[in-house]
Amino acid sequence: MKARNSLQQKRSLLLLLATVALIAAVWSWLFFATPSQPSVDQRVHDIASQLRCPVCQGESVADAPSGLALQMRGIIRQQVLAGKSDSEIIQYFSSRYGEGNIVWVPQWQGFTLLAWLVPIGLLLAGFLFLFLVVRDWRKDPGLAPAGLARPQPAAGGANSASLSEEDAELERYRAQLEQELASDDPLFSRSIKEAN
Amino acid sequence: MYFSDLGIIALILALGFALYTVIASIIGAMRSAPPLVASAKRSLLAVTFFLLLASGALVVSFLTHDFGVNYVAEHSSSSMSWYFVTAAFYGGQEGSLLYWAFVLSLFSALFVITSKRAPAALVPYVMATLMGIESFFLFMLATLSNPFVRSAVAPKDGAGLNPLLMDPGMLVHPPMLLMGYMSFSLPFAFAVAALITGRLNAEWLRSIRRWMLAAWTLQTAGLLLGAWWAYHVLGWGGYWSWDPVENAALLPWLTATAFLHSTMVQERRGMLKVWNLSLVIACFALSIFGTFEVRSGLISSVHSFAYSDIGAYFFGFLAVIILFSSALFFFRLPALRAEQEFDSIVSREGVFLLNNLLLIGITFATLWGTLFPLISAAFRGQTMTMGPPFYNQVIAPMIVLLVLAMGIGPLLAWRRTSLSALWRNISVPAILAALCALILPLLGVTDVAANIGFTVCTFTGGAILYEIWRGARVRHRHGESYPKAVYMLFQRYRQRYGGYIVHLGLVFLVAGIIGSHYFQQQKDATLKPGQDMSVAGYRFTYLGNIDEKASDKETISSQVQVWRDGQLQGYLYPGRVIYATYPDQPTSAIEIKTFVATDVYVYLADWQGAAQATIRVFINPLVPFVWWGGLLMILGGILCWWPARRRLASAVRTRETKKPESVVEKPAEVADGGVIA
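Residue numbers (the UniProt record's numbering), protein chains in the order written: chain A, 1 to 196; chain B, 1 to 677.
Since the hints were made in silico from the structure, they are not lab data. Quantities reported herein were computed from a predicted structural model and do not represent experimental measurements. Cβ atoms here follow ideal geometry from the backbone N, Cα and C, with glycine treated the same way. Take the hints with a grain of salt, since some may be wrong.
[What the hints assert, rightly or not] Partial selection, computed: residues in chain B whose CB lies under 7 Å from chain A: (1) L353; (2) G361; (3) A365; (4) P389; (5) F390; (6) N392; (7) S420; (8) A437.
[Unchecked claim] Listed next, the stretches of chain A that the computed footprint assigns to chain B, with coverage defined by at least 3 CB atoms under 8 Å from CB atoms of chain B: (9) 10-23; (10) 74-81; (11) 102-112; (12) 117-130.
So that you can see chain A by itself, here it is in the shape it has in the complex (with noise of 0.2 Å):
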């Protein structure tokens, strides 16, 4: 019985993980083979659409459908043709308009870049945070005696000892999906009791 399970439980694992391996295959199969070289217009679109076109409201250069929009698209694909990098290009059009007015997607340096690392390093330190603390709380001794009491089932551990720590976990799984299906259903849990 038990040497059943465990076979089941490996089992499971290992087509959990030939899954996953499946899906990164895919992924980056998808990320290596799309083709580096983009096109001209989707040049033009990438650029047009981190500018703000100066006379609508809320729209970018690439969707706004005024005349001015349409003439900056045009001179984006003068650039783009006359090989010039997409910086170049937005560097041109904020130093004639004002890069507050034209360009709405924050550029990767100077002041700019803070808006960037803000959000990103406050979520990074939200993960270290979360970490300290969950680490905190398992160690705290006067708060967790029952943590500390019951072992570590070890992920992959292959002895017997933690094998049947791992049956008896699941047996607790099982009965606590039950049991939350169960709680305050007292037609339910008679028809548990029934079956029994």
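Since chain A is already given, all that's left is putting chain B on it; use the hints.
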């Protein structure tokens, strides 16, 4: 004597009763004098009555076209239809503040009427907090932002409503959104009451969660209607543009979502009390920020239809709220210790922590992007506005992680999960996800980001459906047929399965967003009759323009045929409406035709006489998913909220009567469950 005079009198009386409620309920609670608390309750109902009277007076002023009232003259005209005239009530700042105050008083009255269900010690403080907020709004309404101010000479006709607001969406979207903002007052009042009395028990938690769930559902509906309105009116082919006003409405929704999840941890494990209280306070502060940001002109936005100088007062109010609640908070900090320890990160509470971190991350990134123009103006002297690409790049990865966590979370048990059971339960949705990842490139979806998004959505959708199926199977084993088992699951555990419906809705919504973001196609063309244009397999033949003149407006619409696979699919009439009161602001009448899950969105960009039109076509795949998903989320929210009220009442009653019995029974149930498994 005009109706507007009646309105002013009602406002002042309401203010008086609101102040009395604050004082009477606080003194009544401190001296434990029930008669005083009872009089506070009656006085609160009087506030509701007088606000009803004031709102009625404004509606009557609008409907009788009393242009002597400035507000009526500025926001309506005699040619408008009666429903838009009524909706003009909240078309400007004064009226929307009145609406806010009115709905708050309605909800407060609802609270008073149902106050037997709330913990008795908290009731006076909840009333005091609610009426404190109400007093601020009534003070603003009575002095600086009074909708009933009359001019010496009444103009002959009003200026009319902004044409963008003359849309059916206007009838439902602003009242819903303002109601959503307002409804965060109730959880806040419960939080303040609990901090003052120091009673943060399970009963309190259930009350506050119920109100927060109601607020969340209202705000979801408000956001969805806003997106729908933008999609159908503004003509840029999208439904969300990360505009400051939209962001402001999203912020309290995000913190409320975080709260609804983290309170489950508090309910089950007695942890995160400090965190939950801060979330409630943040929700309310953000909703006040949202209410006033629209009006203050602090940050420029497409949606601000009214500017004014009351921003400073709102800012002061916001500061008072934050200072007051922080002070209370630190005063009670010793009472907020966690009751239980954290066992394992691989547990449901572990995923809830991740969920909260991500939601707060999204909230902060959104707030940061919204406020960045102010920050850059302060440091560099020029405002840098953040466009959608910024938000998309920062927030999209977090949303994908959130959806992933949403799929894994329900598969984990509380405290700690057996890893082997986890592998088994995850396998099924993981295989579905792998199939999705494999099939999409074969269907021509080569974008890796879109593939990641869809795969994660498939995983989570699969996990939710699998979880429902698992529950149904357990019941089926006890002798119920599968359809009945599913029905009984929803019937018995509405909170749990209502939550799954919300999650499923979000999966649909995210899939819709990914589809319309990555696969939108767009084309503009200036056409003469008989000419056509093709986009993404659809062909559009332009036939000519139709001009209709009415007394108050002129409508120009182009007749366009839609063809697909050589077959005529129908006629579309994208048009423009020019209102006589706003001749230079033609609004658009956009035509949207849905083919299965793809929207064909046709917009008349420009026209010349009767025989030339510039047509702009968007092909928006999966946008209908956004609406279906949103509807599912609202449905799930209602499911979670609705029975909670009845079940709570009955649960409290049974606990009172059958307390010893249930204590004895519980271990037996556990043993039963253990044996059967």
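For each hint, the structure was consulted:
| no. | hint | result |
| --- | --- | --- |
| 1 | L353 | holds (6 Å) |
| 2 | G361 | holds (4 Å) |
| 3 | A365 | holds (4 Å) |
| 4 | P389 | holds (4 Å) |
| 5 | F390 | holds (5 Å) |
| 6 | N392 | violated (9 Å) |
| 7 | S420 | holds (4 Å) |
| 8 | A437 | holds (4 Å) |
| 9 | 10-23 | holds (count 8) |
| 10 | 74-81 | violated (count 0) |
| 11 | 102-112 | holds (count 6) |
| 12 | 117-130 | holds (count 8) |
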